[in-house]
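Asks: As a plain string of letters, each chain reads:
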Amino acid sequence: MNKNLAKNTALALMSGIMIAIMVTANGMLAESTSYWISLIIIHFAGLATAGIVLIVRKETRDIFGGIHFVYMLGGALGVFTILLNNLCVNNIGVTMTLGLALVGQIIASGIAEHFGWLGVHRKKLSFGKIPAYLLMAAGAAVMIVWG
Amino acid sequence: MLYSFLALLSGVNVAVSIMLNARLGAVKGLYKGAFINYFLGLCVALPLALIVTGFRLGSVKISLSELFILTGGSIGYLVVLINNNITPKIGILYVTVILFIGQIATGALMDILAGEPVSIGKITGALLILAGLIYLVKAEKE
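Residue numbers (the working numbering), protein chains in the order written: chain Z, 1 to 147; chain F, 1 to 142.
In case anyone wonders, no lab produced these hints; they're calculated from the structure.
Check before you lean on any hint, since a few could be wrong.
Unchecked claim - Only pairs whose alpha carbons sit at most 20 Å apart, straight line, appear in this in silico SDA-like list of lysine to any residue:
no. : chain 1 : residue 1 : chain 2 : residue 2
1   : F       : Lys141    : Z       : Asn90
2   : Z       : Lys7      : F       : Ile82
3   : Z       : Lys124    : F       : Ile62
4   : Z       : Lys7      : F       : Asn85
5   : Z       : Lys123    : F       : Pro88
All values reported here derive from a predicted model rather than from experimental measurement.
One chain only, chain Z, in its complex shape (with noise of 0.2 Å):
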């Protein structure tokens, strides 16, 4: 195997890791104080993170400039992203969450892609692909009826 593509597989790996064990601590987090306070500590620690960080690099100039408001709401939806997570985490699980949260975001980024939506580049379904999404539903269906 190839030398990067090998450590880009390690660190898309440990992504995976983190996700999991980020939903986990997050879940935590809402139970032990309550699912409203925890967004706000959420983003809070990532705010000052991402702030850390542009301090360090120099890019505190013109943050905010030059984009249009409509593509700075994907941080406003990941709000609900979070207190989604934490609920279902509660409730069903990590396995269960992520393996759904999964399915449901394929199954949008494909219609996106078919209609051309939100900028996406056009992409129509092919034949070829539907197999996949059957078999991913299937996957989901399965979860929600035996998990």
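Using the hints provided, position chain F relative to the given structure of chain Z.
Replies: Relative to chain Z, chain F alone:
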């Protein structure tokens, strides 16, 4: 059933965020983009929390042994940096497959540690989702 639906919805939300953030990152760069993300997030989270709780947030008591539960936001930031670094090099779908393997394996471990059952249904479902994802990578290449 309700929570399963909410988990799917969370994924849809992630997909929309990724599309918006791609544009944001392209204009402002990765580091400013991530900062704007958390800033907007806090701008929504703070009033939302105050309104929902009727301006009574209560106090926060976290013992020293569970301080790590405060780090979720920082871990999320690091994940964004890593993913942005590797995605152009090995492709979004390949990243998603490997990420998913890491997530689900660790997630199952976390569930077991927390005493949450990891049933045959969950494992079978996760494997089917993984199979679909790998199929999608192959179909995308053709």
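Asks: Taking the hints in turn, state whether each one holds.
Replies: Against the structure, the hints come out as follows:
{"no.": "1", "hint": "F:Lys141 <-> Z:Asn90", "result": "38 Å, violated"}
{"no.": "2", "hint": "Z:Lys7 <-> F:Ile82", "result": "12 Å, holds"}
{"no.": "3", "hint": "Z:Lys124 <-> F:Ile62", "result": "50 Å, violated"}
{"no.": "4", "hint": "Z:Lys7 <-> F:Asn85", "result": "12 Å, holds"}
{"no.": "5", "hint": "Z:Lys123 <-> F:Pro88", "result": "19 Å, holds"}
Violated hints for the displayed structure, listed by number in ascending order: 1 and 3.
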